[in-house]
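Trainee: Sequence:
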Amino acid sequence: MNDKNQAEQHEKLVKLINKFGTAMLTIRGADGSMHSRPMTPLGDDFDGGFWFATEIDNAAVHDIQTNPEANVSFMHEGDNHFISVTGRGSVSQDRAQIARLWSAPMNAFFKGGKDDPRVCLIRIDAQHADYWDGPGNLLTKLVFFATVATTGNHEALSDTGSVNL
Numbered sequence: 001m002n003d004k005n006q007a008e009q010h011e012k013l014v015k016l017i018n019k020f021g022t023a024m025l026t027i028r029g030a031d032g033s034m035h036s037r038p039m040t041p042l043g044d045d046f047d048g049g050f051w052f053a054t055e056i057d058n059a060a061v062h063d064i065q066t067n068p069e070a071n072v073s074f075m076h077e078g079d080n081h082f083i084s085v086t087g088r089g090s091v092s093q094d095r096a097q098i099a100r101l102w103s104a105p106m107n108a109f110f111k112g113g114k115d116d117p118r119v120c121l122i123r124i125d126a127q128h129a130d131y132w133d134g135p136g137n138l139l140t141k142l143v144f145f146a147t148v149a150t151t152g153n154h155e156a157l158s159d160t161g162s163v164n165l
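Going by the numbering used here, the sequence shown runs without a break in its numbering and finishes at 165.
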């Protein structure tokens, strides 16, 4: 791992997170095992946590209320970006917050729109994150592999960071 300070790593993490459109939300289910589901983070920028919309009777809501530990992960293999964020979840039915985060495409998932009483939010407050930001395209990867082969510097393969949030 490189020697970047936490502020630089945090800035890099935020830039990477803001590039993604879909995450995998992983939480512990009622049976004790981990369950993952694709979810779209709401809002424009990472603010130290993630908001997700779902229905109040969704199993994820019950699971978060029972065990709030969660992981939100992002992957873009083509660009070689990977992020894993751990945190604690909570559930909100705050209508004002739902309205602030609402966007037109969400109407496809919720028949009653933002005023549907079944709509709720899952909030994951981030506690720690790890990221890997490697070379994106094949040519860049080949240059990096050649650099490692000639210099022995394996850190040249990717920019990694671990951030306490």
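The hints are simulated quantities; they were obtained by calculation from the structure and are not laboratory data.
Some clues are possibly wrong.
Pairwise CB distance ranges, derived in the manner of DEER restraints [claimed, not checked]:
(1) D31 - T151: 47 to 57 Å
(2) E11 - P117: 38 to 48 Å
(3) H35 - A108: 30 to 40 Å
(4) A7 - M75: 49 to 59 Å
(5) Q127 - P38: 17 to 27 Å
(6) G21 - W132: 17 to 27 Å
Glycine included, C-beta positions come from ideal geometry on N, C-alpha and C.
Trainee: CB of E11 to CB of P117, is that within 38 to 48 Å?
Mentor: Once the Cβ atoms are compared, 39 Å apart, the range 38 to 48 Å for P117 and E11 holds.
Trainee: Using the beta carbons of H35 and A108, state whether their distance is inside 30 to 40 Å or not.
Mentor: 23 Å, violated
Trainee: Cβ-Cβ distance between D31 and T151: within 47 to 57 Å?
Mentor: Holds: the Cβ-Cβ distance is about 49 Å, inside 47 to 57 Å.
Trainee: With 49 to 59 Å as the target window, see if A7 and M75 comply at their CB atoms.
Mentor: 25 Å, violated
Trainee: Taking the Cβ atom of Q127 and the Cβ atom of P38, is their distance within the range 17 to 27 Å?
Mentor: 22 Å, holds
Trainee: Quick check on a hinted range of 17 to 27 Å for G21 and W132, using CB atoms only.
Mentor: 19 Å, holds
Going down the numbered hints, you'll see the structure goes against 3 and 4, while the others check out.
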